[in-house]
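Participant: The chain contents come next:
2 protein chains.
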Amino acid sequence: MRSKNQRTGSGEDRLIARYFKPLVDHPGALGLEDDAAFIRAPPGRDLVITTDAVLSSVHFFADDPAHEIARKALRVNLSDLAAKGARPLGFLLTLGLPKGISQRWIAAFARGLQADANAFGCPLLGGDTVRTLGGVVVSITAFGSVPRGTMVRRRGARPGDLVIVTGTIGDGALGLELRRKPGLGRQWRITRRQHCELVTRYRLPQPRSAIAELVRTHASAAMDVSDGLAGDLAKLCRASGVSVSVDVARVPLSKAARAVLAKVPELMQTVLSGGDDYEIVASVPRAKLQRLRRLAAAKKVVVSEIGVVIAGKGEPRFIDRKGNAIALTQLSFSHF
Amino acid sequence: MRSKNQRTGSGEDRLIARYFKPLVDHPGALGLEDDAAFIRAPPGRDLVITTDAVLSSVHFFADDPAHEIARKALRVNLSDLAAKGARPLGFLLTLGLPKGISQRWIAAFARGLQADANAFGCPLLGGDTVRTLGGVVVSITAFGSVPRGTMVRRRGARPGDLVIVTGTIGDGALGLELRRKPGLGRQWRITRRQHCELVTRYRLPQPRSAIAELVRTHASAAMDVSDGLAGDLAKLCRASGVSVSVDVARVPLSKAARAVLAKVPELMQTVLSGGDDYEIVASVPRAKLQRLRRLAAAKKVVVSEIGVVIAGKGEPRFIDRKGNAIALTQLSFSHF
Numbered sequence: 001m002r003s004k005n006q007r008t009g010s011g012e013d014r015l016i017a018r019y020f021k022p023l024v025d026h027p028g029a030l031g032l033e034d035d036a037a038f039i040r041a042p043p044g045r046d047l048v049i050t051t052d053a054v055l056s057s058v059h060f061f062a063d064d065p066a067h068e069i070a071r072k073a074l075r076v077n078l079s080d081l082a083a084k085g086a087r088p089l090g091f092l093l094t095l096g097l098p099k100g101i102s103q104r105w106i107a108a109f110a111r112g113l114q115a116d117a118n119a120f121g122c123p124l125l126g127g128d129t130v131r132t133l134g135g136v137v138v139s140i141t142a143f144g145s146v147p148r149g150t151m152v153r154r155r156g157a158r159p160g161d162l163v164i165v166t167g168t169i170g171d172g173a174l175g176l177e178l179r180r181k182p183g184l185g186r187q188w189r190i191t192r193r194q195h196c197e198l199v200t201r202y203r204l205p206q207p208r209s210a211i212a213e214l215v216r217t218h219a220s221a222a223m224d225v226s227d228g229l230a231g232d233l234a235k236l237c238r239a240s241g242v243s244v245s246v247d248v249a250r251v252p253l254s255k256a257a258r259a260v261l262a263k264v265p266e267l268m269q270t271v272l273s274g275g276d277d278y279e280i281v282a283s284v285p286r287a288k289l290q291r292l293r294r295l296a297a298a299k300k301v302v303v304s305e306i307g308v309v310i311a312g313k314g315e316p317r318f319i320d321r322k323g324n325a326i327a328l329t330q331l332s333f334s335h336f
Numbered sequence: 001m002r003s004k005n006q007r008t009g010s011g012e013d014r015l016i017a018r019y020f021k022p023l024v025d026h027p028g029a030l031g032l033e034d035d036a037a038f039i040r041a042p043p044g045r046d047l048v049i050t051t052d053a054v055l056s057s058v059h060f061f062a063d064d065p066a067h068e069i070a071r072k073a074l075r076v077n078l079s080d081l082a083a084k085g086a087r088p089l090g091f092l093l094t095l096g097l098p099k100g101i102s103q104r105w106i107a108a109f110a111r112g113l114q115a116d117a118n119a120f121g122c123p124l125l126g127g128d129t130v131r132t133l134g135g136v137v138v139s140i141t142a143f144g145s146v147p148r149g150t151m152v153r154r155r156g157a158r159p160g161d162l163v164i165v166t167g168t169i170g171d172g173a174l175g176l177e178l179r180r181k182p183g184l185g186r187q188w189r190i191t192r193r194q195h196c197e198l199v200t201r202y203r204l205p206q207p208r209s210a211i212a213e214l215v216r217t218h219a220s221a222a223m224d225v226s227d228g229l230a231g232d233l234a235k236l237c238r239a240s241g242v243s244v245s246v247d248v249a250r251v252p253l254s255k256a257a258r259a260v261l262a263k264v265p266e267l268m269q270t271v272l273s274g275g276d277d278y279e280i281v282a283s284v285p286r287a288k289l290q291r292l293r294r295l296a297a298a299k300k301v302v303v304s305e306i307g308v309v310i311a312g313k314g315e316p317r318f319i320d321r322k323g324n325a326i327a328l329t330q331l332s333f334s335h336f
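Residue numbers (the working numbering), protein chains in the order written: chain V, 1 to 336; chain D, 1 to 336.
Keep in mind the hints are simulated off the structure, nothing from the lab.
Do not take every clue at face value.
Stated by the list, open to error - Facing chain D, a subset of chain V residues (Cβ under 8 Å, in silico):
| # | residue |
| --- | --- |
| 1 | L32 |
| 2 | T50 |
| 3 | S57 |
| 4 | D80 |
| 5 | S139 |
| 6 | T141 |
| 7 | E213 |
| 8 | R216 |
Claimed, not checked - Straight-line alpha carbon distances no greater than 25 Å define the calculated SDA-like cross-link-like pairs of lysine to any residue that follow:
| # | chain 1 | residue 1 | chain 2 | residue 2 |
| --- | --- | --- | --- | --- |
| 9 | V | K263 | V | K322 |
| 10 | V | K99 | D | R104 |
| 11 | D | K322 | D | L162 |
| 12 | V | K21 | D | K99 |
The C-beta atom is built at its ideal place from N, Cα and C for all residues, glycine as well.
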């Protein structure tokens, strides 16, 4: 881990020694005492690498708890690894902090990071700390491994395969709306508990690492749903050269999301394209679906069939209860 | 590479397709069309990983040319790989851009990145684009490889080894001063050309990739000089459990730096601890020095002997022409 120090060790040095060294046990991390780390994929396995950054006021709110920011930053990367069928190996952290951030904040951040590094078996390998002119930037590169040549890709969906998603869709996007607009929960007439559930889904994604291996052995194509089911499925379709038809009534919703939609049906747009789900969408050959659902259930992950892969290139179609295609004004969240 | 798109592909999608896909030829990058990339260290080699971020107004000026910002971001990582004796394999890019950045800026950035990716044999493997609330953030994770177990570390310097540095020291730090304070060049009475040389050294580091393999086979410990020779040597000493004595008169200086120091001798402090050198400092067993210098010279890299490793833990000592230890008020640049 890079650090910049003065005679007695700079703030940055002390910061690393105090908060991040305790997180390190991987031998390749060299105790965060070098400029680089090294890593080795287990014999016969490929290394899978992914990188995702989260920035304050863009991916989280500046006053979100520091430990949750750390966990979200790691989890969005773990979600990518899970969707690729990869087992986590470790991660590099680039942490950009504004001047004057408190030791307490940093301690909480490190604590959150350690909790999830342990929970998901994905140790800190190294990183870089830099100063920003304002706001927190957390960029993580995560490493995983798969048996050689078996990384699940966006490409590979075949006509006739079924489309599945894990967990529930839309909670994160609705949670973000609630977080943005105080009083919205009252307007939606949801309970305090439902409010909390939706906001928590936004703040703390649940990467489906538990079924990464099942995704690898069952899915013909997969990706994580981070920018909206509609837009992410469109990407999977493009990469695979196919289209899909999604039965919107089968898209799995939480009780809280159903309560919101009962009140404001137009929010189905937000559910389908809002993003921040961190679930897995995949195409699965028909013959493999029941086994996948059963084995995933044993890992406490619900797998729902929501549609079918169709021959020919094209945008995904979302069909409502009456058999009509829903026109989505926007398929997914876009930063630009 | 992650992207967020709308019906017809978002700005982010188009941005990636237009500017970054042309950079990709590594098979593991999957044409930037997936959430992850994969990479394999060649047989019998370890993967070396390093990460470094550069931020506008912290590591570069907002009005620096975009192609130079891209090249600096990649080069500071290549410098780390070179100091570890590693051969580049590829890199991941996280690019944070503020709203309203021009297509022209992005095109120039991509052009700079491609130029150096080609020049240093370090292809783009994937990445993430995000929006920032202001300013550009470039975080790069670079991958290299070394024969198994041979990564050069900060630990390993032995009493009696000689201390060497590559190239010249202090130019980047003086260039930064010049960039910060218009009119300073006149005050220092340096020529326009010297002014330009120093500023260029700040804006565009010269990673010593050409001698990475020589560092690996000759150095007992090494690191890149990015935060100041004094502070970086202190880190190498701490990791190795030794001290060093540096003969300041032997620290290699460019003509431009010598001209500045002739006018303002106090700037020796800046030269020794200012940072932004991106040279390599290493300890080398005496028997290996001549061979290293000769082979490095053949690669057009000057290697200068500047001191000796001393038994016992301690801060590095900088000795002037008269044999007196120089008291440095600060060993290196610190962000915090």
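Participant: Does each hint fit the structure? Answer for all of them.
Facilitator: Now for the hints, and whether the structure bears them out:
1. L32: Nearest chain D Cβ about 11 Å off; hint violated.
2. T50: Holds. Min distance 4 Å.
3. S57: holds, 5 Å
4. D80: holds, 5 Å
5. S139: holds, 4 Å
6. T141: holds, 4 Å
7. E213: Since chain D brings no Cβ nearer than about 16 Å to E213(V), farther than 8 Å, the hint is violated.
8. R216: violated, 12 Å
9. K263(V) with K322(V): holds, 20 Å
10. K99(V) with R104(D): With a Cα-Cα distance of about 32 Å, the restraint between K99(V) and R104(D) is violated, given a limit of 25 Å.
11. K322(D) with L162(D): holds, 21 Å
12. K21(V) with K99(D): violated, 36 Å
Going down the numbered hints, you'll see the structure goes against 1, 7, 8, 10 and 12, while the others check out.
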